[in-house]
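Asker: Protein sequence lines correspond, in order, to chains A and B. Residues in the first sequence are numbered consecutively from 1, following my numbering. Residues in the second sequence are numbered consecutively from 1001, following my numbering.
It should be emphasised that the hints constitute simulated quantities derived from the structure, not laboratory data. No experiment lies behind these values; they were computed from the predicted model shown. Errors might be hidden in some of the hints.
[Said to hold, decoys possible] Negatives, chain B to chain A, calculated, CB over 12 angstroms:
#1 I1027
#2 L1083
#3 S1161
#4 I1199
[Unchecked claim] Covered by chain B, according to a simulated footprint, are these stretches of chain A (three or more residues, beta-carbon under 8 angstroms):
#5 66–77
#6 80–86
#7 299–312
#8 355–364
Just so it is clear, CB atoms sit at the ideal spot from N, CA and C, and this is done for glycine as well.
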Amino acid sequence: MTGYLLRRILQMVVVLFLSAVATYALLNLAPGGPMSGLRQQAQSTRFRITEEDMIRIRAYYELDLYLPIRFSRWLIGQPNGRIIIGENEYFPNMRIGCNQVIEKEVLNSAGNYETQVTGCQKYIFLRDLEGRRTSAGVLFGDFGASWRLNRDRPVSDLIVGRLPKTLLLMGLALLISFVIGVPLGIISAVRQYSKLDYAVTSFAFFGSAMPTFFFGLLLIMLFSILPKGAGLPYLPPGSSEAVRNYTIPWLGTITAGSTLDRGLHLILPAAVLSLAYVAGWSRFVRASMLDVLRQDYVRTARAKGLFERVVITKHALRNALIPFVTVAVFAIPTLFAGAIITESIFSWPGMGRLYILALGDYDYPVAMALLFITAVLTVVATLLQDILYTIVDPRIRFS
Amino acid sequence: MSTSTAPAQLLASDAILTPEEKMWKVILRRFRRHKLAMISTAVMGAILLVSLFAQVISPFEPADLAVGNYFLPFGARDEATGLVHYLGTDNIGRDYFTRIIYAGRISLTVALTAVLISTLIGVAVGAYAGYYGGWVDSVLMRFVDFMLTIPFLPLLLILSSMLLRNENLIPIPEPILRISGSVMLLDMRDARQAVIIIIVLAATGWLQAARLMRGTVLSLRNQTFTEAARAMGASNGRIILSHMIPNSMAPIIVDATLALAGFIILEAALSFLGFGIQDPVPTWGNMLAGTQTYMFDRPWLPLIPGIPIFLCALAFNFIGDGLRDALDPRLKL
Chain A
1 MTGYLLRRIL QMVVVLFLSA VATYALLNLA PGGPMSGLRQ QAQSTRFRIT
51 EEDMIRIRAY YELDLYLPIR FSRWLIGQPN GRIIIGENEY FPNMRIGCNQ
101 VIEKEVLNSA GNYETQVTGC QKYIFLRDLE GRRTSAGVLF GDFGASWRLN
151 RDRPVSDLIV GRLPKTLLLM GLALLISFVI GVPLGIISAV RQYSKLDYAV
201 TSFAFFGSAM PTFFFGLLLI MLFSILPKGA GLPYLPPGSS EAVRNYTIPW
251 LGTITAGSTL DRGLHLILPA AVLSLAYVAG WSRFVRASML DVLRQDYVRT
301 ARAKGLFERV VITKHALRNA LIPFVTVAVF AIPTLFAGAI ITESIFSWPG
351 MGRLYILALG DYDYPVAMAL LFITAVLTVV ATLLQDILYT IVDPRIRFS
Chain B
1001 MSTSTAPAQL LASDAILTPE EKMWKVILRR FRRHKLAMIS TAVMGAILLV
1051 SLFAQVISPF EPADLAVGNY FLPFGARDEA TGLVHYLGTD NIGRDYFTRI
1101 IYAGRISLTV ALTAVLISTL IGVAVGAYAG YYGGWVDSVL MRFVDFMLTI
1151 PFLPLLLILS SMLLRNENLI PIPEPILRIS GSVMLLDMRD ARQAVIIIIV
1201 LAATGWLQAA RLMRGTVLSL RNQTFTEAAR AMGASNGRII LSHMIPNSMA
1251 PIIVDATLAL AGFIILEAAL SFLGFGIQDP VPTWGNMLAG TQTYMFDRPW
1301 LPLIPGIPIF LCALAFNFIG DGLRDALDPR LKL
């Protein structure tokens, strides 16, 4: 087991490194990025962006460094200056970037002029990195500074500020869906082909076909806009808490930021998320329960004359929940990453919304941090799944 | 005494009287039994017909702006031409009904093409990996594991934003743009967006199909009929083409139908989040996102495009379920 664990952890590190490389490359290799639009501005006289400004801005986004150097600085915070071991300085003349590129307008095959980089006027060497802002590296828990959303403030501040909101929303939705979804699945499997079973399976179809964004709008319409118009009590349609005090019929004035206010804001997004999850979980539990109920040991238990209740809870359910436990582990990364679409509809200030904002605004340090943490959590969840497998199902052994 | 080993003479009454049914007839009969799947097929048929005859049915052009006629109510009459805005007009005076129909054509084409491409790739890769095993198999499986660590929707968003913002990153041959443009009634520039979304969806969707195909082929490879085929001297290529692929079609077709529902929702979600096909081109997702701001006084504007998304997703789910019952009852849970 120890050997297996060690091997798995080594594999995890490799997979994580590759996924970090892949996501970093995807974000950074594409042209455009944070500099898009600046070139046009540089040419207009109104903004007067000089050549020096461009160099400074490129240095701010580290776009003047070559990609592997940039990646290494992001991942482990190195190199951050001269490499001096003992008395000797190593690689003093290695070119690690270009401060000022030589550009040429070239006529391409389609007959349009395009800008091509043909050379470099001033290379960057390791010594030039001294004095630059360098993070300690993602591996050591430093996600660097945000570029745009919260300019020059640490990414971790942004995450810490938003994580509680996401944890609250996702935690509640997952809790509701476990509490409702699992029993629904069990009952509908035990009473297969009953009216209840048909109701549950139809509901599961409905839930999995219902797009979150449409269901969200529908709920806002039904529980917020219509009752508000009719003078009935309504639910707030967006954000996680109110800015000003507001009055709801029957409930009276609600203080902004109070527990009641937060609770009211939580209901709609949690309901939307729960629908999808309940549908998924009840389907999953039903399938695995049906599978178990067909097994010989269940028939044996019945033949022994055990009460049906004992057969279901002691013999069938415990085995049916084995795959469930291991799949439920993947709620961990979901808890952190939040729900992109639901958070967008209800302008819930959580992690999913943060990711969308970061991607739309080219705030790559923030987007990369979120992707990286989610990837780490996913990999950890996979490992946890394997370990849980051996605990809940002793038949499985890894070697 | 002599024991005869000759078979007893077959009597006419011993013959099997039930006529042999063609396989597709059996499948059709089983499919018909699934009422919801039949209704769904009818609904999808109607939606497909409407989008096929989009130009005939819709009274206006999708990009026509009626200046000043913003937010017209249902059934308003256009004064200049006398045509009816069945569902009114949107915030910049475009006929809503026309746009819904054209959007359907685009959304369905995107989903169908993406499923077709991802299933073809998945079947090819999965069959190869499952049949030959070896390094192709282990590379594929490691790659699938690796892709699973990157969160799915965020990855999709990065891919589509990267490709949509940099039009020349992937050179798309002009004939493809022209054909897809004429199918979706778009000019080449707008067709590029749709093709990019198809590429993004197919690029992330084939993994699932490949895994499924690999699993099925792995179990088929060791069955007796494969051995028999090999004993009769069939080549590997022949075994794959005429034994592996036909025998694994049932789960693949069911999976592809369910993937259709998923892709319809995903495409709409991408558009909704602003990382999909952009506004002048109508899709159900971006119509819903674009009119979301007006939902407090005109809630029907964002709700109407949501209905066909939901209907299509539900219908494809039911059809997939019906096909599962019809093609291979053992798959039913």
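Asker: Identify every previously stated hint that the structure contradicts and give their numbers, smallest first.
Answerer: Violated hints (numbers, rising): 3, 5, 6 and 7; every other hint is consistent with the structure.
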